[in-house]
Amino acid sequence: MTDYPALILETPAEHPFAQFVRILGKGKRGARDLTREEAREAMGMVLDDKVEDTQLGAFLMLLRHKEESAEEMAGFTEALRERLQPPSLAVDLDWPTYAGKKRHLPWYLLAAKCLAQNGVRIFMHGAGAHTAGRLYSEQLLGALQIPLCRNWQQVGEALDNGGLAFMPLVDWAPQLQRMIDLRNTLGLRSPIHSLTRILNPLGARCGLQSIFHPGYQAVHRDASGLLGDTAIVIKGDGGEIEINPDADSHLYGTTGGESWDEEWPQLSSQRHVKPASLDPEHLKAVWRGDVVDSYPQMALISTMALALRGLGQSREQAFETAQRYWDARDKSI
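Quick note: the sequence shown uses our numbering, first residue 450, plus one each step.
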């Protein structure tokens with residue numbers, strides 16, 4: 450005798466998270482952005498593990514297809530900040546590093562290292578090597594003597610001892626790391642890759658952000674403005690916080706809830722030839738002063754100037770300070 454599945458005679462209760470998937474996916478005319486409050490509630494459920502895997506995948510891809518709004522990003526950030534319990538640490542710059550580099554070496558790491566030598570306290574964070582063919586910060590921390598911290602106490606000690614600390618996202622927001630790791634399952638990056646730029650978990654004086662795709666920079670600036678943060682957003686080289694000296698740079702800033710914009714002209718009169726390969730030893734050689742290379746010199750000085758601009762210096766003053774810091778750096782490595 451065949452055993453047939455039981456018939457469903459009563460309508461099952463709708464999952465509480467289903468409303469948010471429906472808001473985003475209700476067709477061209479019915480779908481809309483989440484409000485800031487809805488975004489905060491939705492991300493709160495995700496962070497509290499109250500969402501089914503199928504819902505999470507649908508939610509992330511619908512957001513990706515629609516393109517996230519400033520209100521949604523602000524609400525998502527608020528949900529995370531409500532659940533974080535970091536210690537009170539003095540930080541000047543929040544420096545997210547999630548993109549990886551594929552055309553040029555990560556000169557921003559030397560910029561951060563030099564700034565830290567001069568009393569600028571920098572918290573860096575990243576999510577590891579999630580996309581093939583790129584060189585990530587985590588792969589170079591040891592070689593460049595940048596402290597890898599696995600808890601907040603280690604972050605505080607690194608900031609007090611050297612002014613620079615790197616902490617992996619998985620150690621302070623594992624749910625976000627899990628969503629980033631879905632990149633190779635879903636086939637696309639999700640909005641979480643963008644969200645990590647805005648988080649500023651320690652409430653740094655200024656958050657630096659790099660968004661590669663045009664049109665998203667203003668959204669990120671607006672989200673940080675809604676949160677009351679001071680931030681500068683650029684289209685950095687390869688998606689990292691690094692000024693490309695071969696191109697004009699537009700700074701999207703927000704201070705005290707007020708937006709501002711600034712144009713930085715390209716530094717090089719002609720485009721540099723992309724290196725044939727990325728040799729991390731070249732980073733150390735430039736730091737020691739063993740080689741003279743115009744591209745990294747321009748890239749790291751202007752990236753340092755960007756950071757100092759975020760801390761209140763004028764563009765001219767920031768470049769002068771950056772050059773002075775670089776010339777006087779401790780070259781041991």
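Hints were generated in silico from the structure; no laboratory data involved. Any given hint could turn out to be false.
[Stated by the list, open to error] Restricting the straight-line Cα-Cα distance to at most 30 Å, the calculated cross-link-like pairs of lysine-lysine (DSSO-like) are: (1) K515 with K684; (2) K477 with K499; (3) K499 with K551; (4) K723 with K733; (5) K551 with K475; (6) K684 with K733; (7) K733 with K551.
Violated hints, by number in ascending order, as checked against the structure: Structure breaks hints 3, 5.
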